[in-house]
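*Asks:* Listed below, chain by chain, are the residues.
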Amino acid sequence: QKEVEQNSGPLSVPEGAIASLNCTYSDRGSQSFFWYRQYSGKSPELIMSIYSNGDKEDGRFTAQLNKASQYVSLLIRDSQPSDSATYLCAVSSQAGTALIFGKGTTLSVSS
Amino acid sequence: DAGITQSPRHKVTETGTPVTLRCHQTENHRYMYWYRQDPGHGLRLIHYSYGVKDTDKGEVSDGYSVSRSKTEDFLLTLESATSSQTSVYFCAPAFPTNEKLFFGSGTQLSVL
Numbered sequence: 001q002k003e004v005e006q007n008s009g010p011l012s013v014p015e016g017a018i019a020s021l022n023c024t025y026s027d028r029g030s031q032s033f034f035w036y037r038q039y040s041g042k043s044p045e046l047i048m049s050i051y052s053n054g055d056k057e058d059g060r061f062t063a064q065l066n067k068a069s070q071y072v073s074l075l076i077r078d079s080q081p082s083d084s085a086t087y088l089c090a091v092s093s094q095a096g097t098a099l100i101f102g103k104g105t106t107l108s109v110s111s
Numbered sequence: 001d002a003g004i005t006q007s008p009r010h011k012v013t014e015t016g017t018p019v020t021l022r023c024h025q026t027e028n029h030r031y032m033y034w035y036r037q038d039p040g041h042g043l044r045l046i047h048y049s050y051g052v053k054d055t056d057k058g059e060v061s062d063g064y065s066v067s068r069s070k071t072e073d074f075l076l077t078l079e080s081a082t083s084s085q086t087s088v089y090f091c092a093p094a095f096p097t098n099e100k101l102f103f104g105s106g107t108q109l110s111v112l
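Chains as they are written, first to last, in our numbering: chain A, 1 to 111; chain B, 1 to 112.
It cannot be assumed that every hint is accurate.
[To be verified] If you anchor each label on the Cβ, the simulated ranges turn out as follows: (1) Asp56/B with Gln80/A: 13 to 21 Å; (2) Gln80/A with Gly40/B: 25 to 33 Å; (3) Ser108/A with Gly51/B: 40 to 48 Å; (4) Lys57/B with Asp55/A: 16 to 24 Å; (5) Glu3/A with Lys11/B: 30 to 38 Å; (6) Gly40/B with Gly29/A: 25 to 33 Å.
Derived from the structure by calculation, the hints contain no laboratory data. Every residue gets a Cβ at the ideal spot worked out from N, C-alpha and C, and that includes glycine.
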């Protein structure tokens, strides 16, 4: 069974700090990696995708990928209370049929 | 919402009854997925479709069936609902590849 692991949290950071969210995956053949944000009672929303090793930046968000270590991370700079949500890591299966999701990390940003 | 409509948004039903959830998309996406989300389990794939009349099972397909007779509609049927199927169900078309999912608003299903 292919797995995606995330710390459930909650991860608590003060407003303005950097939040670091981590994810590991078991399928060494995975090629595509995604971060979704989910507010309570809402559907998941795609915020980042990354396909190659290294960093990818989009505004206050940076995704980092290390395929050798099977590790994906999401950094949120200048965290805001509106960033308080559950963040889901998703990884493509080697078969390419569907995404496998982690259980999510809950982030709480205090003002 | 990327042209995705799930119906109903909420449903309460009794054990043993059949239930059908509908996902309608307006943007001609080939790939569509049904996931369920439960506390402690995260999002788990039930069934998916890669075209009209082309469907396949996911991780938790037991007790569920799907149909896709038109590109725009992907139906999920609980053949005989059980309390373990109480969950939030999300439909997700994928574009531009079969990997990038965009989720509908979800259906909250309670089986009593």
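*Asks:* Need the list of violated hint numbers for this structure, in ascending order.
*Replies:* Going through the list in order, the structure violates hints 1, 4 and respects the others.
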